[in-house]
Amino acid sequence: MLGVLLVAAFPTFRAFGLKFVTGTQWNPVTDQFGALPYIYGTVVTSTIAIALALPVSLGLALLLNEVRSGWVRNPLTVLVDLLAAIPSVVYGLWGIFVMAPALNTTLEPALGATLGKLPLIGRLFQPTPSAGNMLNAGIILAVMVIPIITAVSREVIATVPRDLREAALSMGATRYEAIKMAVLPYARNGIIGATMLGLGRALGETIAVAMLIGNGLGISSSLLAPGYTIPAVIANEFREAGSTGLHRSSLIALAVILMLIALILAAASRMLVRNTAERFAVKLSEVSTTLEQP
Amino acid sequence: MSDMTPMHAWRERSVATRKLRSRVFDTFMWLTGVIALVPLVLIISYVLLKGIPALNADFFTQTAPPPGVPGGGLAQAMVGSAMIVGIGIVISVPLGILTAIYLSEYGRGKLASVTRFVAEILLSTPSIVAGAFIWAVVVTAMHSFSAMAGSIALTVLMWPIITRGAEETLRLVPDDLREAALALGVPRWRVILSIVLPTAGPGLFTVVMLSVARGLGETAPILLTALGNDFMNLNPAQPTDAVPLRIYNYAQSPIVAWHDFAWGGAIVLLVVVLTLSIGARILSDRQQRRLR
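Residue numbers (my numbering), protein chains in the order written: chain A, 14 to 307; chain B, 14 to 305.
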């Protein structure tokens, strides 16, 4: 599959080389193709998504492991999983008609008026009149990746031996200290892996982002400005691209870049999650041999 | 430790702080639970609120209206979705279950690990990439967007889900059952057909339900392959409409009346997809209880 895509993308890579990745002009009329604005938009929205989703998912995963009573835990688990079952076009529909108008009139002017006034980070929050913007897209992505990061983190945290946590509690640690000292350090790699999985999902998400990001070409430092992502441009332009030519091969080249990033993330994530699980087998045996020695 | 402070006083203050921090952390954990549920509740209630008024007999029987003409419905999209996903099921379910049987009953060698590797890669492939792939291969070769191309794109996404899920389900069948049958002289293929598959049946069914739920909701790969169609189309070689495509197009349309269609489409899609997901969950819970 990657091979076929590479062949189809070859004319673009031959014509532009590395300039395809660093170029900022994307103009089908003059056959000028540079992907940097799309790469930038993809990175910014995914970063917002992970920054917002990680704390929530981590808290949720810890909660689902700490709460012992089934009548809270089971429904909560099911509901979080339902969040993953909602089709992305429904997220987009809700985002475009409910979430974006709400944020555009409340949160975003407030951000512009407060954080926007600060030096340096203020540049991130310069208000623009655009209804679609990178912050909105990032927020909807955050909601979409929460169930993924939560589910994997929860499984990883569940593999941390209960003994460790209980030992900390029996030494007088509070619940927070037990989690901080005896759970998180051991689950850390697995949680990073879970985050990478969520990141891979966020990078590849097409429809909801295409509906919310405003689809504006250009690189803006403000999160409140419209942007464009790799999947969104593929979805919007493939119709005009025809069945031959540089435009088509450039869109496929974008798909190749996306796929490579997704594959690297998936491989790294799987390795980290698996390592965590395997390490405990070792840790436990180490503990038992230490205990057996006189 | 300041030398003038009595030890117990230092300790007491510290314990209070420690308890407070723990309390704050507890609040944070519960708060994350609430934060995650707010969008779920909001999305489902808005879809119900705005979708139900859009539903009527025409919605299910008429096709897309031209701009400015009142009435009409999404019949062509529902039929199209059923056709695209239906053909997708016909291709990917046998393929996926056969692969899973191979992996769980025979697969030890190199071919098995290659197959698993390919399935893993496809699982983490963004759906738009799968769509772009089928666009580059099938659509270009056929010189036309088509329902068939959509089904093949969905197969790329559904096959790995079915393969992995079905392999896990088949592995849950106790080896005792297989060995008992083999000991009676039953040939291997017969053991699989008469013992393994019937035992794993309900589990395999839930796997298929989940993959269908996934396929129904996919928009991006369908957009790149089936394209969409304003009219009813029953020919798999022609461009075909689908419910998620309609929602996507109508939601971005400047025509306000079409927004209601988008919400109506969303409620139909959400009801079907959530019924499949929740149904699969209930079935698999019940099955696990039985195996235990």
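What the hints contain is simulated information worked out from the structure, not anything from laboratory work. From a predicted model like this one, the values you see are computed outputs, not experimental measurements. There may be inaccurate statements among the hints.
Distance condition first, Cα-Cα at most 20 Å in a straight line; then the derived SDA-like pairs of lysine to any residue [as the list claims (entries may be wrong)]: (1) A:193 <-> B:44; (2) A:32 <-> A:193; (3) A:193 <-> B:135.
A few chain B positions that, by computed beta-carbon distances, are all more than 12 Å from chain A [to be verified]: (4) 121; (5) 149; (6) 208; (7) 209.
Glycine residues also receive a C-beta, built at the ideal position from the N, C-alpha and C atoms.
Hinted pair residue 193 (chain A) and residue 135 (chain B), Cα distance within 20 Å: Violated - the C-alpha atoms of residue 135 (chain B) and residue 193 (chain A) are around 36 Å apart, more than 20 Å.
Least C-beta distance between residue 208 (chain B) and chain A, which was stated to exceed 12 Å: The claim stands: residue 208 (chain B) keeps its Cβ more than 12 Å from every Cβ of chain A (closest is about 31 Å).
Residue 121 (chain B) and chain A, when compared Cβ to Cβ, separated by more than 12 Å: holds (20 Å)
Pair hint outcome, residue 32 (chain A) versus residue 193 (chain A) [Cα-Cα no greater than 20 Å]: Distance of about 46 Å is beyond 20 Å: violated.
Residue 209 (chain B) and chain A, when compared Cβ to Cβ, separated by more than 12 Å: holds (27 Å)
Restraint status (C-alpha distance of residue 193 (chain A) to residue 44 (chain B) at most 20 Å): holds (18 Å)
Exclusion check [residue 149 (chain B) not at the chain A interface, CB over 12 Å]: With a cut-off of 12 Å, residue 149 (chain B) comes too close to chain A, as the shortest Cβ separation is near 5 Å.
The structure fails hints 2, 3 and 5 (numbered hints given earlier, in ascending order).
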